[in-house]
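Full structure from sequences and hints, please.
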Amino acid sequence: MPSLKDVKMKIVGVGKTKQITKAMNMVASAKLRGAQARIEAFRPYAAKYHDVLAELSTKVEGNAHPLLSEHEEKKTCGVILITSDRGLCGSFNGNIIATALKLAKQKESEGMTVKFSCVGRKGRDAVRQAGYEIVSAFADRMGSIDFSLASTVAQELIRGYETLDFDEVWLIYGEFVSMAQQPPKSLCLLPLKTPEADEQAAPAETGPHCEYIYEPKEEQLLAELLPRYVNVQVYRGLLDTSASEHAARMAAMDNATRNCNELINSLTLLYNKTRQASITSELIDIVGGAEALNG
Amino acid sequence: MSTLQLSVVTPDKTVVSEAVEMCICPGVAGEFGVLPNHVSILSALKIGDLRYRVNGKDEHVFISGGFADMNNNVLSVLAESAEKAADIDEARAKAAKERAEKRLAEKSETVDEVRAQAALQRAVVRLQLARS
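Heads up: the sequence lines are chains A and B, in that order.
Just add 1 to wherever you are in the first sequence, counting from 1, and you've got my numbering.
Just add 287 to wherever you are in the second sequence, counting from 1, and you've got my numbering.
Do not rely on the hints blindly, as some may be mistaken.
To be verified - Computed footprint of chain A on chain B; a stretch qualifies when at least three of its residues, placed anywhere within it, have a C-beta under 8 Å from a C-beta of chain A: (1) 297 to 308; (2) 318 to 329.
Unchecked claim - Selected chain A positions facing chain B (in silico; Cβ < 10 Å): (3) Tyr46; (4) Glu212; (5) Glu216.
It should be emphasised that the hints constitute simulated quantities derived from the structure, not laboratory data.
Even glycine gets a Cβ: it sits at the ideal position worked out from N, Cα and C.
Given below as structure tokens:
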């Protein structure tokens, strides 16, 4: 039977943990709001980019650009892995890393060497432990993501793809589906697949779109647009991962706070029981003593 | 007066979204003007000044390159960064200009000349716009 003092101390300790988890929950929810606003702000840009590229890609040949054509001999696979910098967000990072390592295994079994480029400390540490080569790592940047980070990450791999150092490039990140769902998503970045136009929306309104003027020529324009499209996709991965991280942390901290409450309840019960037991035994002592005096 | 819908968007926000009377874009092959009901055009843009006219008044927007798509009387300009002239941070542009000039002066192996040139040009155009 634990002493009264031990139980009391434990209740206080759990109460302090609860304060921390509750605070972290609130911080995460505030940050999540910011991250969601950025996704909203990015949407018009991404949507327009998608439309323009879809329109343009109907005008040119399938492999008019090095980023579109598939390499015949596949030796090296580059993986961009986006995770969070900090833990305490449930199985969020674990899931993304597991997906990445599975992909790496699969590519290795196809005879390719896998090299990683990591954004986020958690992913970098895990990849290092698994023994894969890390081409570049960006830790402690998830708090301040911007478009230039996305282009730095993407540019390196695009250059690698063009010089045949990479034969395939994948992007793995935590997709933000909803508050409750942040599944890991893997996406083949290069060779680039041009986006398909939305079949229903396009033909009705635009009328004859044969008379588009392109400046400069289609192929040159494509050469300008395609590398940036990769940046756009990486940026989207960064934004999504950051929102997902905060949502996952919110859920994890909510759970932790609830568990703390449960623990406090059961400890309080134990505390009261212990207190009653000690009072009872004291009473028995007193009554016993009184009986002995009387007798 | 007929108008066209102009929207200037960057990855971080929508900078301009309004009906304008005309717009002049800094295309890679030279400046070009867009009036309402212009034929569909897709053009790459260089670093420069995008002008548009609302109610007879000219407005200026800084564009760090990107492209413009005119379709259905809607002109969408996509740029990696864009600011209205009034929002340009002059002190920051000045600092960026000095930094770029210093880089170019160094001429060492580690300096990426193309990038430094682009940074310098961005800073110069920003300063011009901020002062006009």
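Here is how each hint holds up against the structure:
no.: 1; hint: 297 to 308; verdict: holds (count 5)
no.: 2; hint: 318 to 329; verdict: holds (count 5)
no.: 3; hint: Tyr46; verdict: holds (5 Å)
no.: 4; hint: Glu212; verdict: holds (6 Å)
no.: 5; hint: Glu216; verdict: holds (4 Å)
In summary, this structure violates none of the numbered hints.
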